[in-house]
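Sequence order for the protein chains is A and B.
In case it helps, my numbering puts the first sequence at residues 1 to 235.
In case it helps, my numbering puts the second sequence at residues 1 to 260.
Read the hints as simulated data drawn from the structure, not as lab findings.
We treat Cβ as the ideally placed atom computed from N, Cα and C, and that holds for glycine.
Heads up, a few of these hints could be off.
[To be verified] Simulated pairs of lysine-lysine, BS3-like, Cα-Cα distance not exceeding 30 Å:
id, chain 1, residue 1, chain 2, residue 2
1, A, K5, B, K85
2, A, K173, A, K63
3, B, K85, A, K122
4, A, K123, B, K82
5, A, K228, A, K195
6, A, K132, B, K152
7, B, K257, A, K63
8, B, K258, A, K132
9, B, K70, A, K98
10, B, K85, B, K258
11, B, K152, A, K10
12, A, K10, B, K257
13, A, K63, B, K82
14, B, K254, A, K98
15, A, K211, A, K167
16, B, K70, B, K154
17, A, K13, B, K6
[To be verified] Which bits of chain A does chain B cover? Going by a derived footprint, with three or more residues having C-beta under 8 Å, they are:
id, stretch
18, 95-105
19, 187-194
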Amino acid sequence: MIEIKNLHKKFGKLTVLDGLDLEIKTGGIFAILGPNGSGKTTLIKSILGMVIPNKGDILFQGKSVLQEWEYRDHLNYLPQIANFPANLSVTELIQMVKDLRPKEPNEEDLIRSFDLEPFLDKKLGNLSGGTKQKVNLVLTFMFDSELIILDEPTTGLDPISLIRLKKIINDEKAKGKTILITTHIMSFVEEIADKIVFLLDGNIYFKGSVKELKEKTNQQDLEHAIAKIISGNHV
Amino acid sequence: MFKILKYSFFDLMRSRWSYVYFAFYLVLGFVLLFLNNDVDKAIITLLNIIIVLTPLIGTIFGVMYYYNSKEFTELLLAQPIKRSKIFMGQYLGISISLTLSMILGLGIPFVAYGLFRSAAIFNFSLLLLVGAFLNFIFVALAFNIALSNENKIKGFGFAILMWLFLAVIYDGVFLISLVFLNEYPLDKFSLIATMFNPIDLSRILILLKLDISALLGYTGAVFKNFFGTNMGLLTSLGILMLWVIIPVWRINRKLRKKDF
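Just need the whole structure built from these sequences, with the hints factored in.
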């Protein structure tokens, strides 16, 4: 599905991605992990075309995505921070995103499952952080796309919404979708991820299942396994 | 592009600041007309306010909108649309909503006063046209500055400095240079120097039309001789158009390499 070849990205003098190669096959949930500043967001944004790499290529379904935009109709993206135009209502925002994409949306079920009906006519500037994140999730999941990219999806969600989010992610996986997630919440990763892609210093340090990672680091739980990788490389 | 334009326009038209801006022009229009009791004089006073205030408001709105909608712009960038369309939609949304606030705010008092029965209607329309140009120019310049500066405070500072330079400092430097160089023929110099500042250009454009270019002294006389009045009008409008086109072109160029 996605093939990343020799990707380099520098911001000024800071090298963020340093010749990264990665292949992600169709289907399953991939957790992209790594310490702060390891290049997770840069990697995701490169796939989305928001960050323009210095060198290398990104192929999506066999075609290069650099300087292209049509391919984005085949993917859904959940940004990390939900900040919307303050004077539009929730319905208008959903309508706007619907207008921008040629695909058929299916937002009613999502609105119902996140209990957003009472907020539909409220202005976005008056919503709480958690409610905005729910709107953000509706915008992301209302289209049927092959690839779904979630940047810190759990931020600000209450436990009930979190359970619903996990269900939605698992439903999408059952439909054969490819889902990329970045998060710092290890229990969430352990629960839903099929594979882990661990970034360190702008490169892939580990790619495999949670079990393989635990075996490799000789640790009982994921949190310690990750901590061991990070400290082992920096001490 | 028009979809983005539509929604950013709706968003801005409902913002409190658009109402404040509209109300300011409304009050200003009424006060000027009833103090002066003369449409022509009101237009001259209005000119002096518009050519300083519209650039300032355009600059501030442009920079603020860019930085405030940063996260939302990221969401839009992940949709299947071209980058340039997103930013052109936002740019036009801001410029058009500001222009509308100005035209309605000033139009209502003037129409109520009986503008359509007076001969000043052409001058007044020209004033609004110039105001609209200044909106489009300064929002575009503000977007340029915001795109080149990741740091919000820095971007804001540069934008205000740019406004201060074009609205105040430029004139000062221009005048000083005229005084220092007064032994040389300065017609061409002052002509060209005026072209490089959209605020000066707008001012001269209106003054030429108001037939009070004698007030301008040297520059006005030069402009009148050089262009003749209609030619001067067209040339000035053409240059104002360039002042829109060049910054908009640079926005699109900058976007191609920008990381978000």
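Consistency of the hints with the structure:
no. : hint              : verdict
1   : A:K5 <-> B:K85    : holds (29 Å)
2   : A:K173 <-> A:K63  : holds (23 Å)
3   : B:K85 <-> A:K122  : holds (28 Å)
4   : A:K123 <-> B:K82  : holds (27 Å)
5   : A:K228 <-> A:K195 : holds (18 Å)
6   : A:K132 <-> B:K152 : holds (23 Å)
7   : B:K257 <-> A:K63  : holds (21 Å)
8   : B:K258 <-> A:K132 : holds (27 Å)
9   : B:K70 <-> A:K98   : holds (20 Å)
10  : B:K85 <-> B:K258  : holds (15 Å)
11  : B:K152 <-> A:K10  : holds (21 Å)
12  : A:K10 <-> B:K257  : holds (13 Å)
13  : A:K63 <-> B:K82   : holds (18 Å)
14  : B:K254 <-> A:K98  : holds (28 Å)
15  : A:K211 <-> A:K167 : holds (22 Å)
16  : B:K70 <-> B:K154  : holds (16 Å)
17  : A:K13 <-> B:K6    : violated (40 Å)
18  : 95-105            : holds (count 6)
19  : 187-194           : violated (count 0)
Of the numbered hints stated above, those contradicted by the structure are hints 17 and 19, listed in ascending order.
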